[in-house]
Amino acid sequence: GSVGAVSMIALRNILIFLAAFLAVFWEAAFPGIRNVLGAQVSLLPALMVYAALSAGLTIMALLALVSGLLFDSLSANPLGVSILPLFAVGLLIYLRRDLLLREQAFAQIVLGFLASALVPLEIVLLLLTLGETPLLGWGSLWQWLVMSVGGAVVTPIFFTLFGWFNRVLGYRPVVETSFRPDREIRRGRN
Numbered sequence: 001g002s003v004g005a006v007s008m009i010a011l012r013n014i015l016i017f018l019a020a021f022l023a024v025f026w027e028a029a030f031p032g033i034r035n036v037l038g039a040q041v042s043l044l045p046a047l048m049v050y051a052a053l054s055a056g057l058t059i060m061a062l063l064a065l066v067s068g069l070l071f072d073s074l075s076a077n078p079l080g081v082s083i084l085p086l087f088a089v090g091l092l093i094y095l096r097r098d099l100l101l102r103e104q105a106f107a108q109i110v111l112g113f114l115a116s117a118l119v120p121l122e123i124v125l126l127l128l129t130l131g132e133t134p135l136l137g138w139g140s141l142w143q144w145l146v147m148s149v150g151g152a153v154v155t156p157i158f159f160t161l162f163g164w165f166n167r168v169l170g171y172r173p174v175v176e177t178s179f180r181p182d183r184e185i186r187r188g189r190n
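1 is the number of the first residue of the sequence shown in the working numbering; add one for each residue after it.
One should not assume that every hint holds.
Label-pair ranges, simulated between beta-carbon atoms [to be verified]:
#, residue 1, residue 2, range
1, Leu65, Phe165, 31 to 37 Å
2, Ala105, Val168, 33 to 39 Å
3, Glu103, Glu132, 23 to 29 Å
4, Leu141, Arg167, 37 to 43 Å
5, Leu121, Thr58, 25 to 31 Å
6, Pro78, Phe106, 33 to 39 Å
7, Val168, Ala28, 38 to 44 Å
None of these hints come from the bench; they were simulated from the model. For glycine and all other residues, C-beta sits at the position ideal for the given N, C-alpha and C.
Use the sequences and the hints to build the structure in full.
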């Protein structure tokens, strides 16, 4: 029983980190959406929502660290600037996860929208605080909107994919019962 549960948790955590790697790779390698919409949809805030609602605090913090470093290494951001915004959004959700309706698609969409809206804002604030001069203009509002809506759309997809992996790769413990459908029950005085 507990060995299977531990292996399922380990598998889920490995899949979370694999998804982070693939998300960063996808954003860097396939600029098609960026070319069509004028903005790249960031998958990491949506993944942070999933991790904050499904994994422990340590995994969520490690995800922010690893995915932030991966993202920054392939972007124009200074290395490490994405870690704190990803962690802050994940921590806010993690601290309130008992109150959130994690299984509801509407809640996932709202959380994905908020996370995808807050992370870029926090990154811009950090860049300005560090003395960097990010390119900001009216087009930035469009990019921010595309990122926010994109994160809202992607978040329930992450929940669905991880739920599917859990069902396919996981096991269901057999619930034993004393009732046997082939057992005959005699009634009467005999």
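- Non-conforming hints, listed in increasing numerical order: Hint check: 1, 2, 3 and 7 fail, others pass.
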